[in-house]
Each structure stands twice: as structure tokens, then as C-alpha cells.
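S.K.: The residues making up each chain are set out below.
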Amino acid sequence: MLSLRHLAKSYVPGKPVLNDINLDIAARGITAIIGPSGTGKSTLIRCINRLVEPSAGEIEFEGENLVGLSRRALRRVRRRIGMVFQEYNLVERLSVMENVLSGRLGYVSPWRAWRRKFPPEDIARAFELLGVVGLAGFAGSRADSLSGGQRQRVGIARAVMQQPAVLLADEPTSSLDPKTSVEIMQLLADIARDRDIPVVINMHDVELAKRFADRIIGMSAGSVVFDGPPGNLSDATLKTIYGGEDWLQ
Amino acid sequence: MTPAATALPFRSRTWARVGWLALAAYVVYACAQLDVSAERIASGLSNAAHFFGRMFPPNFARWDLLVKGLKESLEIALLASALGIAISLPIGFVAARNLMPAWVSWPARLVIVAARSFHPVIVAILFVKAVGFGALAGILALTVASIGFIGKLFAEAIEEISLKQVEAVRATGAPFMSVIGFGVLPQVFARFIGFCTYQLDSNLRNSTMVGIVGAGGIGGTLFAAFQRFDYDYVCAILISIIALIMAGEVLAMGVRGIFIDGLSLADLFRGRVGRLAAQGERHLEDD
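Protein chains in written order, with our numbering: chain A, 1 to 249; chain B, 1 to 287.
If you're looking for bench data, these hints aren't it; they were derived computationally from the structure. Using N, Cα and C, we set each Cβ at its ideal position, and we do this for glycine too. Some clues are possibly wrong.
[Said to hold, decoys possible] Partial chain B-side listing against chain A, Cβ under 8 Å, derived:
1) Gly132
2) Ala135
3) Gln165
4) Ala168
5) Gly173
6) Ser178
7) Phe182
8) Pro186
[Stated by the list, open to error] Examples of chain B residues lying across from chain A (beta carbon under 7 Å, computed):
9) Val169
10) Pro175
11) Met177
Using the sequences and the hints, build the whole thing.
M.R.: Below, the structure is given as C-alpha cells:
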């Protein structure tokens, strides 16, 4: 359902961040992309919805090549791709409800959105989703009054609110403590299962990736160096991905 | 010698020292040009005493003229603020370099710089020449001043927003105007209200002054009273201006209370303004 063909990106000409990435993401399951910092994981995931413009290659999503789409067509496609961010990226001064409803902005006209006239079924679903992510009763709180874990739950609710065909998560747990990280990963796994949508997650925590992912993609220096189920991830592979071995002890 | 002994712990500040010395030298030179002498100070003090003596008691006999002038000043300040805010909102938006391409933002920035180039009194003189004596010239002059001030600060506020929040809204497939409404405006709204209330305050003060060049308001009455040596009437006018400015301050606090702290009019009348206004200022700072 999502295929990357010969995807490449260089921010500075001659210094590629991604070289020739070829991946097929299946219609269900959790895919974790692991690798050290600065290896292009974020760039890869941001290329998928073109928050970062790829330099070369194709992104095929629901039978359409996203590279080269007009801005209008790109907005239409982005509605189908939910995204969760490392630093939550909530609009701090808006309420939790407004943040969750902003997941519907691709479907509601700006005129209605400015006046907060969202369709009643959207509002009903937003309340329901707040219950799903464990934030029932927080609808009226301002986003900047929440803790990190709560903010990420709002971020997830916003992404799911889009009724996406795929969910991308860019380091969703890297700003959270270990316990909250597990809770957030569990929430993403539950959503992937209950709503039957594929989730692609960037992370650097190998143990967390092994615990929740159905498939692991290891990246090093802008290339895919491992692709397989968590069980196949050996210490030798981890050494290729991260380099060194002292940390494996 | 060890490296620690040769390495300087701080950056060399030779040029900063030269700059301070030059500034001090200029201040001494400029003071010498002023021709300050003991006699001038003595005669100045006695003139001041005479002037203050004639100011009291203030004379409110011609209150009708006073009220007419004040009403006109208020009209100038409110209309100029409303018009200026309405125009500077879109100009400030397109002048923000992080949202707009350079070919859009530069012309908008030029408009803002042009509006800020001259003091409101100079602009008022130009408008008096253009549209004749009266409040219209004052309104137009202060509108230009408001565009310069609010447009510039608004554009700067937008340039300081967190683009991560904007990116998240863009990633949902939201159209441009919705990105503005949900990703940009919430981040700058409180500051924008702050700029507007400050500008209203500033326009109130300036509206009492543009009358001196014939652009309407209490300033014309004040200037005429000065020239006729009606110092007791001058005093009455000054007291009224102070009252007007203070009323404006209360109004500005009310606006901030309603828009930033979400108070109702009933809350404001219950006298919670002062306490919450202090909170409002804090909001402004941490935004």
C-alpha cells in the first residue's frame, strides 16, 4: 500500500542523507525504523508525506506517486496520512479539543474551521478518541497545561482523527520517560490493531522496537542495512547499524 | 608558560571600550554646547514658579469647549486604532518572512518602514495639507502611525512562532487559511491584543497632540490656551487629558482581560481587572 522506490534526499548537493531507499510497507502491522541519530530516519519518514521534498525516487501510496503531486493534490493525500511527532507539535495555546479537531482541517472549509463549526459527527468522534487515548475530561484544557505523555496522547488522537490509511510516527517516545514511552507504544499498537492501519515508527530504542514491532528496518548512514522480523535482529546486525559494541553489553 | 596562562578567558573587548570612551567624550562636548549657566537656571526656576502660580486653580469655566475637544480626540484615537489595526493585520501577515516568499514580504515591509519613518505630527501636517483642518487629518495620521507600529511588531511576532506547530497542522492536509487559523494565529493572538491595546493607549496620547498642527482634537484648544496665556485653562485641559489617558488604560485592561484571560464583562465589573491584568502581562512575556 506504501512503496518507496529509489528514494534519495540530499539537503546539500553531493552529501546524500538518504541513498536509494526501497521499501514496501504492508497494509497492516507495526514497522519500526531504527538507527543512530543523524542517519536519515526522520528525513525518510518526512519524505513520505513530503514535509521534506525528496531529491529523487518515487513514493507510491494508494496507487498514486506522491512525488510531483500539485500542492492541492498533496493536501488531499496528506489527509490520509496521520503523523505523530517527537515533540508532539501541538498548538500550545489551543485547547485539547481544538488540537484533536485540527486533524479534520483537511475536510472542513477554512471558513467553518475559523468559526469552530465542525460537523457534529467529528466532534462526537473527537470525544470518543479522547476516551480511547485516556484523556476523557481534558477536552477544554489548554495543550500547554498537559504533561509530555498527555500531549503525545493528544498528538496521537489528532493523527487518528484524520482517519488515516497509514500512521507515521517520528520518534514518538524520544522525549518521554521509559514508563510513559511503553504506554505510548502500547497505545500506538492498540490503535494499529483496532483500526487495522499500518504504523511506521522511527525510534532509536532497540528494546522498545523489538517489543512492539512486527518488522524492523535498520538504517545506517542513509541506507537500509537490515530488514526483517525482530527475531532476526542479532548483535552482529546491531553492530552494523549502530557501530561499536560496548553498548551491547 | 602553560596554555592556561596565555589563553584569554573572555573575548577581547577593545572596540567596545573605544566605543564607550567616544560616547562619553561626545556627551561632555554636547553639554558644553548647551550654554548652561547659573543665571539661566535661576531665571528658569522663577519663570516656572510664575507659570505654575498662574495655573492654579484650574479653570473649568469653558468646559463645553473642553468636552468638545476631548470627544474629538477620543474619536480620532478610536477610529485611527480600529482602522490601523484592520489594515496592519493583513500587512503584518504578508510581511512575515517565515510564511511568505521574499517577493511578497519585501513590499509589505517597505510599506511598514514608510509608515514608521515620520513622527505622527509630521504625517499630520501632510494630511492637514491634503484633506484640510479637522479630525479627518488626525485620524489618517494616526492610522499611518498604527500601521507602522502594529504591522512591524505583528510581523516580528509571527516570525518568532514555533514552526513545528505549523508543520503539524500542515501535515493534516489543511488548506493554507486553516493553517493560519489553527497553526499561526493562536500562537500570536495574545501578543497581537497586547500590541493593539498599547497602540490604542499611544493613539489616545497622540490624539491630544495632533491638534497643535490643526488636525483636530483637544490639542488645538490646548495650543490656543497656551498662546493666550490662559494658564488656568491650560491646567484644566491637562487634568482632563490625564483623566482621558487613565480611562484609556482601564479600557485597555478590560480588552486584555476579555481576550487574553477569557473574562466576562461581569468579572471585569467585579474589580478583578487589576489582579488578572498582571497575569495577562505575564502571558505576554512568556509567549
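S.K.: Holds or violated: the hint that Ser178(B) contacts chain A, with Cβ atoms closer than 8 Å.
M.R.: With a minimum Cβ separation of about 4 Å from chain A (threshold 8 Å), the hint on Ser178(B) holds.
S.K.: Is the interface hint satisfied for Gly132(B)? The criterion is a beta-carbon contact with chain A at less than 8 Å.
M.R.: Where the cut-off is 8 Å and the nearest Cβ of chain A is about 40 Å from Gly132(B), the hint is violated.
S.K.: Using 8 Å as the Cβ threshold, decide whether Ala168(B) counts as touching chain A.
M.R.: Since chain A brings a Cβ to about 4 Å from Ala168(B), closer than 8 Å, the hint holds.
S.K.: Hint validation: Pro186(B) versus chain A, beta carbon distance must be below 8 Å. Holds or violated?
M.R.: 4 Å, holds
S.K.: Interface hint check: Phe182(B), Cβ to nearest Cβ on chain A, cutoff 8 Å. Holds or violated?
M.R.: 5 Å, holds
S.K.: Hint validation: Gly173(B) versus chain A, beta carbon distance must be below 8 Å. Holds or violated?
M.R.: 3 Å, holds
S.K.: Checking hints one by one. Is Val169(B) an interface residue toward chain A, by the C-beta closer than 7 Å rule?
M.R.: 6 Å, holds
S.K.: Is the shortest C-beta separation between Ala135(B) and chain A less than 8 Å?
M.R.: With Cβ-Cβ at 34 Å, over 8 Å, it is violated.
S.K.: Should the interface hint for Pro175(B) be scored as holding, given a Cβ-Cβ cut-off of 7 Å against chain A?
M.R.: Result: holds, 6 Å to nearest chain A Cβ.
S.K.: Should the interface hint for Met177(B) be scored as holding, given a Cβ-Cβ cut-off of 7 Å against chain A?
M.R.: 4 Å, holds
S.K.: Taking 8 Å as the limit, does the beta-carbon of Gln165(B) come near enough to a beta-carbon in chain A?
M.R.: 5 Å, holds
The structure does not agree with the numbered hints 1, 2 stated previously, though it agrees with the rest.
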